[in-house]
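**Q** Construct all of the structure, not just a fragment, from the sequences and the given hints.
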Amino acid sequence: MTDRIITIIPIGEIDSSILDFISWSIEETFRITTARLPNHNLSSEIPPPLYGNRYNSTSILQHLSEKISVNALRLLAITELDLYSPIFSTLYGEAQLNGKCALVSLHRLRQEYYNLPPDQTIFLSRFHKVVIHEIAHTFGLIHCIDKNCIMYPSSNVIDIDEKSPLFCPSCNPKLLSNI
Amino acid sequence: MKHDINILIVDDELIVRKSMSNWLKEDGYLVKTCEDGYAALEQIKSNIDLAIVDIKMPGMDGIELLKESKKIDPDLPVIIMTAYASIDTAVQAMKEGAFDYIVKPFNPENVSQVIERALKFKMLEKENLLLRKELEKKYGFDEIIGKSKKMEEIFQLINTVSESDATIMIRGKSGTGKELIARAIHANSKRRYGPLIAISCGSLPETLLESELFGYEKGAFTGAHYSRKGRLEMADGGTLFLDEIGEISKKTQVDLLRVLQEMVIYRLGSTKPIKIDARIISATNLNLEEAIKDGRFREDLYYRLNVVTINIPPLNERREDIPLLANYFFQKFTVANTKEIVGIAGEAMKALIDYDWPGNVRELENAIERAVVVSKKKEIILDDLPETITIKAVKTESEPRSLNEFEKNRILQVLNENDWNISKSAKILKIDRGTLYNKLKKYRIER
Chain A
1 MTDRIITIIP
11 IGEIDSSILD
21 FISWSIEETF
31 RITTARLPNH
41 NLSSEIPPPL
51 YGNRYNSTSI
61 LQHLSEKISV
71 NALRLLAITE
81 LDLYSPIFST
91 LYGEAQLNGK
101 CALVSLHRLR
111 QEYYNLPPDQ
121 TIFLSRFHKV
131 VIHEIAHTFG
141 LIHCIDKNCI
151 MYPSSNVIDI
161 DEKSPLFCPS
171 CNPKLLSNI
Chain B
1001 MKHDINILIV
1011 DDELIVRKSM
1021 SNWLKEDGYL
1031 VKTCEDGYAA
1041 LEQIKSNIDL
1051 AIVDIKMPGM
1061 DGIELLKESK
1071 KIDPDLPVII
1081 MTAYASIDTA
1091 VQAMKEGAFD
1101 YIVKPFNPEN
1111 VSQVIERALK
1121 FKMLEKENLL
1131 LRKELEKKYG
1141 FDEIIGKSKK
1151 MEEIFQLINT
1161 VSESDATIMI
1171 RGKSGTGKEL
1181 IARAIHANSK
1191 RRYGPLIAIS
1201 CGSLPETLLE
1211 SELFGYEKGA
1221 FTGAHYSRKG
1231 RLEMADGGTL
1241 FLDEIGEISK
1251 KTQVDLLRVL
1261 QEMVIYRLGS
1271 TKPIKIDARI
1281 ISATNLNLEE
1291 AIKDGRFRED
1301 LYYRLNVVTI
1311 NIPPLNERRE
1321 DIPLLANYFF
1331 QKFTVANTKE
1341 IVGIAGEAMK
1351 ALIDYDWPGN
1361 VRELENAIER
1371 AVVVSKKKEI
1381 ILDDLPETIT
1391 IKAVKTESEP
1401 RSLNEFEKNR
1411 ILQVLNENDW
1421 NISKSAKILK
1431 IDRGTLYNKL
1441 KKYRIER
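Chains as they are written, first to last, in this note's numbering: chain A, 1 to 179; chain B, 1001 to 1447.
Calculated from the structure, these hints are not laboratory results. There's no promise every hint is true.
[To be verified] In silico DSS-like cross-links for lysine-lysine, where the CA-CA straight-line distance does not exceed 30 Å:
no.: 1; chain 1: B; residue 1: Lys1025; chain 2: B; residue 2: Lys1067
no.: 2; chain 1: A; residue 1: Lys147; chain 2: B; residue 2: Lys1275
no.: 3; chain 1: B; residue 1: Lys1032; chain 2: A; residue 2: Lys100
no.: 4; chain 1: B; residue 1: Lys1122; chain 2: B; residue 2: Lys1067
no.: 5; chain 1: A; residue 1: Lys174; chain 2: B; residue 2: Lys1045
no.: 6; chain 1: B; residue 1: Lys1350; chain 2: B; residue 2: Lys1149
no.: 7; chain 1: B; residue 1: Lys1120; chain 2: A; residue 2: Lys147
no.: 8; chain 1: B; residue 1: Lys1120; chain 2: B; residue 2: Lys1056
no.: 9; chain 1: B; residue 1: Lys1122; chain 2: A; residue 2: Lys147
no.: 10; chain 1: B; residue 1: Lys1218; chain 2: B; residue 2: Lys1251
no.: 11; chain 1: B; residue 1: Lys1150; chain 2: B; residue 2: Lys1122
no.: 12; chain 1: B; residue 1: Lys1067; chain 2: B; residue 2: Lys1229
no.: 13; chain 1: A; residue 1: Lys100; chain 2: B; residue 2: Lys1104
no.: 14; chain 1: B; residue 1: Lys1293; chain 2: B; residue 2: Lys1272
no.: 15; chain 1: A; residue 1: Lys174; chain 2: B; residue 2: Lys1056
no.: 16; chain 1: A; residue 1: Lys174; chain 2: B; residue 2: Lys1272
no.: 17; chain 1: B; residue 1: Lys1025; chain 2: B; residue 2: Lys1056
no.: 18; chain 1: A; residue 1: Lys100; chain 2: B; residue 2: Lys1251
no.: 19; chain 1: B; residue 1: Lys1018; chain 2: A; residue 2: Lys67
no.: 20; chain 1: B; residue 1: Lys1056; chain 2: A; residue 2: Lys147
no.: 21; chain 1: A; residue 1: Lys147; chain 2: A; residue 2: Lys100
no.: 22; chain 1: B; residue 1: Lys1272; chain 2: B; residue 2: Lys1218
no.: 23; chain 1: A; residue 1: Lys67; chain 2: B; residue 2: Lys1025
Keep in mind that this is a model prediction, so the values were computed, not measured.
**A** In structure tokens, the structure reads:
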């Protein structure tokens, strides 16, 4: 029997205040309890980084779903690593559609990455949007054409900043029926 | 809605298929994946809207798959995936008809745009095709215009035979538009992206026709300074239109028959067989059945060429199409000559309808072009038309067709000559006043 829990697993060192924030954010959005696993270090089974220290997100997701055995509804991995996928040169996150695992990178969400002054509010807002978007994919939600909806696909941080942190009236009922 | 759009991903790497499939599914598409070109071709036979194909695959590579897919579904947009190292090949893929290419790893924004553009293009092509079919149903194909029953039957036949690869013989008098029919069949067939090669067999002497049809190797005959492909070889993957087929010599008939039986040609001066894949459409204005009886045309070749016959009626057997055609050519030439003429006057149109058109549609087209060029009025009038047409029109106007018309004209003439004096007119017409009165009522003749 699977527990109605979303388990969060930090890959490498992650600031605990960030993890606290996202636990609260997930529980508020999905009304599902969260749990946290200790930091996990990637094994040598993961392909070496490419394109200037970017890691293959699809391989990490596959590794997590095979190696991490948790009795949870969903598994969310959070990392400071920069990500790419076999098809995309950069990623904010990746999820298994209708699957169990999702992965989100913090690497490109901070203002500092774009040589701008740090802004914790902007960073957390982006983090919330990417995490909720990816977890919603695991509950079967697909991209939305409504630019304000959190399920609108984002190719850059401007897209993330411009969309709302909420589900649109079309995606919300789908989410409620799927969770 | 994306939910009913089927995208096929073809890549030998499992992780790429998985990743791409997951991403496209997140976008709401229905996704099918194949690890090689052979399996992909099977999938393409079912309902696929877009294929994303890796260029480098063992066995059948992306370019070969692209070529083969076009034989199954010429309208299927194919996006080629490539790595930096193989951009040259990607450019080659574009030349072979790929919609676009994307370089791995992709920029997500760029890929979404390419996919959306490809699907929009396919949708527009589909809409365009539907609209064209609607127009074709109404008025015909391109310049083959008509709403007569005979032409409607021809349009129907063009639609039916276009799908198949059957050889077609188009028969009709000179100027009826046989080549236009051949072009319409080619444009509506699955070979439409291949070449349409036309040759007028009647205009070339035997030896020249042979070298034109089969090609030649360097040194095959005096003057063959280089090797050259023949029209049959050029038509590979498309259609070959043999106009005036009734004019070819007995020797060329034998050679052509062999090609049709084996679909293999030999260039002049070569023993190397070359396989060809071309659909043959021929046309003639001769009575080939008589030519067979006289021994001028081979019966076996006749049956090979004549799997389906399309008979185009001469223009004087479909007079109801003349206004439609005349207006079509009028529009065409007023635009081409930037003339501000608004239409064809009633008397001129009547003359066009009444004329016999021995030169058929071509003669009508020439007549309208001339009229547009010489016209100085707001409308095309009788005087703008060639004399051959107007002579008959004038004659027609002065000679009433029916007895009633004749009688009415004669009564009017006599009344006018006698200042509408009824008694005097009746006397001249050798009828009494009462009869004349009744005839005036009957023909509604008033002063």
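**Q** Under the criterion that the straight-line Cα-Cα distance not exceed 30 Å, is the pair lysine 147(A), lysine 1275(B) satisfied?
**A** Status violated; Cα separation ~55 Å.
**Q** Is lysine 100(A) close enough to lysine 1104(B), meaning Cα to Cα at most 30 Å?
**A** Distance ~27 Å between lysine 100(A) and lysine 1104(B) Cα, so the pair holds.
**Q** Holds or violated: are the alpha carbons of lysine 1056(B) and lysine 147(A) at most 30 Å from each other?
**A** violated (36 Å)
**Q** Quickly compare the C-alpha distance for lysine 147(A) and lysine 100(A) to 30 Å and report which way the hint goes.
**A** Measuring from Cα to Cα gives roughly 26 Å; hence the hint holds.
**Q** For the pair supplied as a hint, lysine 1067(B) and lysine 1229(B), is the alpha-carbon distance within the 30 Å limit?
**A** Measuring from Cα to Cα gives roughly 22 Å; hence the hint holds.
**Q** Would the pair lysine 1122(B) and lysine 1067(B) pass a check requiring their Cα atoms to be no farther apart than 30 Å?
**A** holds (18 Å)
**Q** For lysine 1032(B) and lysine 100(A), compute the direct alpha-carbon distance and say whether it is at most 30 Å.
**A** Holds: lysine 1032(B) and lysine 100(A) sit about 22 Å apart, inside 30 Å.
**Q** Please work out if lysine 1018(B) and lysine 67(A) have their alpha carbons no farther apart than 30 Å.
**A** holds (19 Å)
**Q** Within a Cα-Cα threshold of 30 Å, do lysine 1025(B) and lysine 1067(B) meet the stated pairing?
**A** Distance of about 27 Å is within 30 Å: holds.
**Q** Below or equal to 30 Å on CA atoms is what counts here, so check lysine 174(A) against lysine 1056(B).
**A** Given pair lysine 174(A), lysine 1056(B) is violated - Cα atoms ~40 Å apart, limit 30 Å.
**Q** What's the verdict on lysine 1218(B) and lysine 1251(B), does the C-alpha distance respect the 30 Å limit or exceed it?
**A** holds (23 Å)
**Q** Take the C-alpha atoms of lysine 174(A) and lysine 1045(B), compute the straight-line distance between them, and say whether it is at most 30 Å.
**A** violated (34 Å)
Checked against the numbered hints above, the structure breaks hints 2, 5, 11, 14, 15, 16, 18, 20 and satisfies the rest.
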